[in-house]
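Colleague: Chain by chain, the residues run as shown.
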Amino acid sequence: MDMNAYLSMFIDESNDHLQSLNENLLRLESEPEELSIVQSIFRSAHTLKGMSATMGFEDLAALTHEMENVLDLVRNSKLKMDHFIFDTLFKGLDALESMVQDIVGGGSGKADVTQIVASLQIILKSDYSASKAAEAAPVSAAAAVSTDSAGAMLLDEYQSSILLQSIEGGLQVFHLQVTIRDNCLLKAVRAYMVFEVLERSGEVIKSDPSVQDIEQEKFDFSFSVFMISNVSLEDLQTQILNISEIDAVVITALDTESLAVLNRAPAAAAAEAVSVPAQELKAAPALVQEASPSKAKAGGAAPAAANVSRTIRVDIERLDTLMNLFSEMLIDRVRLEQLASEIKRPDLTETVEHMARVSSDLQSIVLKLRMVPVDSVFNRFPRMIRDLAKSLDKKIDLIITGADTELDRTVIDEIGDPLVHLLRNSVDHGLETVEERIAAGKPDTGKIYLRAYHSGNHVFIEVEEDGRGINREKVLKTAIKNGVVTEEQAGKLTSDEINMLIFAAGFSTADKISDISGRGVGLDVVKSKITSLGGNVTVDSVFGRGSRFSVQLPLTLSIISAMLIKLGSEKFAIPLSSIVETGIIRKEQILNVHGNRMIEFRNSIIPLVSLSKVLDSPDYNENDEQETEIVVVRKGDKWAAVMVDEFIGQSEIVLKTLGKYLTNIEAISGATILGDGYVALIIDPNALIK
Amino acid sequence: MGEELKVIVFALGNEEYGIEVDKVRTIERLSPITRVPKTAAFIKGVINLRGVVVPVIDLRGRFNLSETVPTENSRIIVVAVADLEVGFIVDSANDVIDIDSDTIDLPPEIVGGIKAKYLRGIAKLGEGRLLIMLNLSEVLNKNEIIQLEQLEV
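Respectively, the protein sequence lines represent chains A and B.
Under this note's numbering, the first residue of the first sequence carries the number 35, and numbering increases by one thereafter.
Under this note's numbering, the first residue of the second sequence carries the number 97, and numbering increases by one thereafter.
Just chain A, with the same shape it has in the complex (with noise of 0.2 Å):
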């Protein structure tokens, strides 16, 4: 089978499961006590782990299946989540994460992980000998066998030795469970060829229940068997699976370490291992085939269950595609619709009508294709700011808002790593450590907030928080020392300029330098980066009492609600976001104060701005009519009415830019192209109010 076929969809759905993984034990660690997450992080995990074995990703998988183990001990409340288990669980995290993005620059997913795994058994031994040999399954290996083991099923010595013995002589040693099925009528015969399989294949130390009681068909449906081997674990589960009526099989290889095990904890785990339910058979970490799938136990592990969205995954460059065509079938339309209306025959019309209805909607749609919610560049936040807390020994609240703000793709994904840059700052910069924060009287938790939202033609993200702020005396100092600015000039700076040195090049006040930030590249990097995007950086700060970054990012394909109007003959979009009302005035109202025209609008004087003269309308004077439409925008507390001819109405436009070549025009935004075809400027009403 070609894997290669699978890998793009592997990589998407190991991102997937990684991402939610993530986001359940950030949960769980808030929530430590809700059974639940673990159970969704399960199933997340063995997915993962199924999907990884299937393509070939060994490593992947071998670490996964160490991470299930510790979490099927918690799901099973074996085992109580600490900061230790926490702690690892996140590195093998990371680690995953790290191999497939190898897989993703097209390596081999390889990736040293002795060490995690080794801390991962350290957490299932160290539960098992903390809780008093009271849980089954220390070590992987032991886990199956004591927990399938249903019955007190233990070796004397003399069998014991000889399995040790085995293993130390290089000899497989194996633990089978075999189930067979329940409606089988002769399960002594189905036995019987199981154990002549087994004879083949090796020699059976031991078997519970015993082989006698088995061929006097004194057992239940099923029984275990220790045995040397002398073909592999997978010839044999396949051999044993061959024979009809067996339902199950669940081999284990046995190593000296797993034996001894079995040896201190006998009783315990045959007790232990009784009230198992089946379930978790399946979900052990043995190799569990099952013979008959159709006959699947109620409850068995049914990965990926949960959290499956009805969604598809698409190339972007498709979608880029669909989009050309539409807009080439845009212009179509619009001629169709002019060959209608000369040639006049109404079936004519009345299907090219329908079709410019169904184009609009499919417009509508095709736009927000490409529209991505900020939340997947969020999402991998709440994580970075626990460790961060917590390698500083901080403790902060993250609160996100505004997730759902929808930016164009090609802008998510470039705005990650410069929010990346700002939110650690704003965690080593501007956070006080606890005792500085209960010094100062503050809560000892610092907030951090993230929020997105959309403004006019822009989306800001801003990060906030309440630490420490700017010390502009310092900030001040280091540009002076740093030669960004000299005395002189640093004199006439005004608060907000002082402010923004902190983003110059080479700037840095931290005294210390850090592993977080404070190498004095930074927030310069994020700058050019923002400002490479078309957007713009500010910081807002009060000393002692904390700053906000505020990142504002152009809409460069986004769509956004807009009221069309019209001045003459031509076509203008002004973003709704701005827009406090509309109304019409009537020329005596227009009132004449110093010079400039003012309106009385919700009893305050608001400016009235002549839209044909800022834009230079070339058939359009307002002068010429008793009554006006006016639109009231807002810029802040600024209001101001502004003329227009005519409302078309409320649409949903595109942004576009202008291009290059035609950059910085006055008042005007970016244009928009019409469901006719045609292109509308938008009104940046910011420009209008002085």
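Relax, there's no trap hidden among the hints.
BS3-like cross-link-like pairs, simulated, lysine-lysine; straight-line CA separation at most 25 Å:
1) A/Lys600 x B/Lys134
2) A/Lys694 x B/Lys119
3) B/Lys134 x A/Lys694
Some but not every residue of chain B turned toward chain A, in silico, with C-beta under 8 Å:
4) Thr135
5) Val142
6) Ile143
7) Pro151
8) Asp179
9) Leu180
10) Val182
11) Leu236
Calculated from the model, a selection of chain B residues having no Cβ within reach of chain A, i.e. all distances over 12 Å:
12) Lys102
13) Asn110
14) Val117
15) Asp118
16) Gly157
17) Asn160
18) Ser162
19) Asp187
20) Ser188
21) Asp194
22) Thr199
23) Leu215
24) Gly222
Simulated from the structure, these hints should not be mistaken for lab results.
Since the model is a prediction, treat every value here as computed from it, not as a measurement.
Quick reminder that beta carbons are idealized off the backbone N, C-alpha and C, glycines included.
Chain A is fixed; fit chain B onto it per the hints.
Modeller: Positioned in the frame of chain A, the structure of chain B alone reads:
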């Protein structure tokens, strides 16, 4: 023998001009142009080119030639130079020819009122036919537009 160049030939008034074919993205019929306020007079506005908003300039206006009313033959040649994508309104565009780069001579100081810096050279096509090769990066030079705008104000 020099390099062979494939050139799109278009007309402005009585002159024939050439642009290398690899700089030309597409040639379109005149479509409705949306005026962009407060720009230089030769910037006619923007068009919708299959979903992309492209600025359009009148090449006659750009070269200070008298502007004419568009005809049935008028075309918009969309060129892409560096990261700029701009449409030129020309009187007609009707040929693609191969020329030998050796036949391109340096331009004289003034050709038909167009400053030499906008020109790359003049190619002789035989039979007395001359083809004026444009220097696109100068034609699209934005600094000059800014200066022009300042002059207009």
